[in-house]
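**Student:** The primary structure of each chain is shown beneath.
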Amino acid sequence: VIANEARVIREPSSGEPPEESLTAAAQEISQPPSGLDRGVDRLFRGTTLAVAWATVLLVVYIVWHIGAVATPAIQKHGARFLVGTTWDANRGEFGILPAIVGTLYSSVLGMAIGSVFGIAIAIFLSEGFLSSGLDAAIKALGLSDRRGLARLPDLTESFLRITIELLAAIPSVVYGLWGIFVVIPLVRPVADWLNSHLGWFPPFSTPLSGPGLLPAALVLAIMVLPTISAISRDALIEVPPKIREAAFGLGATRWEAILAVIVPTASTGIFGAMILGFGRALGETMALAMLAGNANVISWSVFSPANTLAALLANHFPEAGKLEVGALMYAALVLLAITLAVNIVGTLILQRANASLRGLR
Amino acid sequence: MAATANRPDSPESIDLASLAWSLRQPRSAFSYAMSVVTGIMTVSALVPLFSVLYLLILRGGRHLGTAIFRELPPAAMVAGGGFGNAIVGTLIVVLIASAISVPIGVLAAIYVAEFGPETRIAAAVRFAAKVLTGLPSILAGVFAFATVVVTTGKFSAPAGGVALALLMVPTIALTAEEAIKRVPAKMREAAIGMGATPTQVVTRVILPTAMPGILTGVMLAVARAAGETAPLLFTALFSEYWMSNTSPQFLPRTLGDLMKPTASLAVLIYNFSGSPFENQIELAWTAALMLVIIVLFINLAGQSLAKRSESR
Chain A
1 VIANEARVIR
11 EPSSGEPPEE
21 SLTAAAQEIS
31 QPPSGLDRGV
41 DRLFRGTTLA
51 VAWATVLLVV
61 YIVWHIGAVA
71 TPAIQKHGAR
81 FLVGTTWDAN
91 RGEFGILPAI
101 VGTLYSSVLG
111 MAIGSVFGIA
121 IAIFLSEGFL
131 SSGLDAAIKA
141 LGLSDRRGLA
151 RLPDLTESFL
161 RITIELLAAI
171 PSVVYGLWGI
181 FVVIPLVRPV
191 ADWLNSHLGW
201 FPPFSTPLSG
211 PGLLPAALVL
221 AIMVLPTISA
231 ISRDALIEVP
241 PKIREAAFGL
251 GATRWEAILA
261 VIVPTASTGI
271 FGAMILGFGR
281 ALGETMALAM
291 LAGNANVISW
301 SVFSPANTLA
311 ALLANHFPEA
321 GKLEVGALMY
331 AALVLLAITL
341 AVNIVGTLIL
351 QRANASLRGL
361 R
Chain B
1 MAATANRPDS
11 PESIDLASLA
21 WSLRQPRSAF
31 SYAMSVVTGI
41 MTVSALVPLF
51 SVLYLLILRG
61 GRHLGTAIFR
71 ELPPAAMVAG
81 GGFGNAIVGT
91 LIVVLIASAI
101 SVPIGVLAAI
111 YVAEFGPETR
121 IAAAVRFAAK
131 VLTGLPSILA
141 GVFAFATVVV
151 TTGKFSAPAG
161 GVALALLMVP
171 TIALTAEEAI
181 KRVPAKMREA
191 AIGMGATPTQ
201 VVTRVILPTA
211 MPGILTGVML
221 AVARAAGETA
231 PLLFTALFSE
241 YWMSNTSPQF
251 LPRTLGDLMK
261 PTASLAVLIY
271 NFSGSPFENQ
281 IELAWTAALM
291 LVIIVLFINL
301 AGQSLAKRSE
311 SR
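For the record, the sequence lines run as chains A and B. Counting from 1, position 129 in the first sequence corresponds to residue 129 in this note's numbering; the numbering is continuous, with no gaps. Counting from 1, position 247 in the second sequence corresponds to residue 247 in this note's numbering; the numbering is continuous, with no gaps.
The reader is advised that the hints may include incorrect statements.
Below, computed lysine to any residue pairings styled on SDA-like, alpha-carbon distance capped at 20 Å [what the hints assert, rightly or not]: (1) B/Lys307 / A/Thr163; (2) B/Lys307 / A/Leu166; (3) A/Lys76 / A/Glu324; (4) B/Lys130 / A/Ala54; (5) A/Lys139 / B/Lys307; (6) B/Lys307 / A/Ala230.
These are computed hints drawn from the structure, not numbers from a lab. Predicted model, so just to flag it, every value in this text is computed and none were measured.
My request is simple: use the sequences and hints to build the entire structure.
**Tutor:** Here it is in structure tokens:
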């Protein structure tokens, strides 16, 4: 039927190349599906549905499988595992409280530093600072009649955005290497000064002996910064222009508008970005395994060496015996539970942020 | 402003000078200061990236030469050496991971974007992909260890491939879904109007049109996977040797060659970074430079591909 219709449509146009070939071509490209086509179609659609199910089941299976492998260790060590403070494979004594504390402490520090910079960058890139600043500079230099300079603000902005995204592309093991040879030597004099002058303040109460929580948290901050700035920037751009314009119309300065109107409107999205950055920091392994010092210590001091769940897994798994592998699986399950909870909360917050902004439009 | 001041009903109590934009006014001075501070913070965030790149070129560039491709990792205190086996190993593990994750990611994306976008299973797939994005990479390694390594009884390249595939699937699925959704509806309708089955619409019209976007997602996923260390630590482990005993030594000849511990650039950097020997640390820097070159190249290629497909 379709082939016939195609012929009817084609026929009146007589001025074009030979009709014969046109109808032949039309017949070839438009025809009802054969039985084989329909069979293939059913098979292909079935395959995609099966694969879609498989990805969902995969997540369930990961949780279930790690849980199943960890079960013997859970039964054996029970809740003592979560509050124990020593990890000694020879004596069969396993406790991960220092690792849990270290994971949370380093991630909170990293997320806090990363958020300050990430949100500042998001504001800088989304509120037109570059274009107004560069325009003023171009005018001041008397170059405004140069054509090529008109695109400069856009180019600078995309250069900045891509460069910040590239921060996320550098492998974490390379950051670890850089941290060992650059961040630790840089931080040490500052840490020594803070410790000797402000040693009464708990976070500065120990000297930095080399690897420690602060260098690890600084590198973590660099690694979560692109996540936080990209998602916050999206949230700020989503703020409807009329809200911004209303603030300016009331006579607000640029920063009054940003701090009192734009950031509060985008706050749910920014908060979601911080939570997702926190989730990334929790699971980050290599930088912490290389920089945190791998010591089972619980301390308020940011200069003290520490341990994290992920670093514990990375350091002990390759040479673990059977007993220790069980305990490590238990630790992996704890890490999985923490990160899954944080990520699900972050995703839900972002969904709510989108929904609430929709109402403003 | 002069016009406002001259209006007869203008309230006398407003000091118009306080509304002027001047750095002597606290309001505008604050605004100006904040602008400068954010600008400085943005620029300072670029410092780490350039510091990393500078050091990589400075310390890693010294040993760059053909020897790094031809030779094996050196023992302590031995001059020279390379990491040819680690480059090959990284390629093979990433290849295995792509072979697993690309079909899964693209097929799931086709279902979610094309066949059942409004269904409950599509929402579940999207949620699962987002949860997988947040899966710590070390847990992908733990999972691959518990499934592949425990089942086969060996540390091997496929075990590393499975771990990396787990990290690649969500990136590929989410970007492919976006790419498929961007295909104009009129192209889809034209194909349907010609009597194409849904499968023909997807394979002949939608996939070719969405290909640049899908490839971008694949390349970003590959770039991320190539740099991952944690999932390989106890799945592919590491090896000091080439993959095969017969020439050419970098090619695995049999399945047995593949089912052995496999070297990778990322794990080499980790192992050598903690080494007390200067020659191994220097090689770690060279390997890091190599890895960053590979990762940034794939990343930028993927992004330029995305930009080109957008402008079309």
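**Student:** Does each hint fit the structure? Answer for all of them.
**Tutor:** Verification of the hints:
no., hint, verdict
1, B/Lys307 / A/Thr163, "holds, 15 Å"
2, B/Lys307 / A/Leu166, "holds, 16 Å"
3, A/Lys76 / A/Glu324, "holds, 12 Å"
4, B/Lys130 / A/Ala54, "holds, 15 Å"
5, A/Lys139 / B/Lys307, "violated, 31 Å"
6, B/Lys307 / A/Ala230, "holds, 17 Å"
Checked against the numbered hints above, the structure violates only hint 5.
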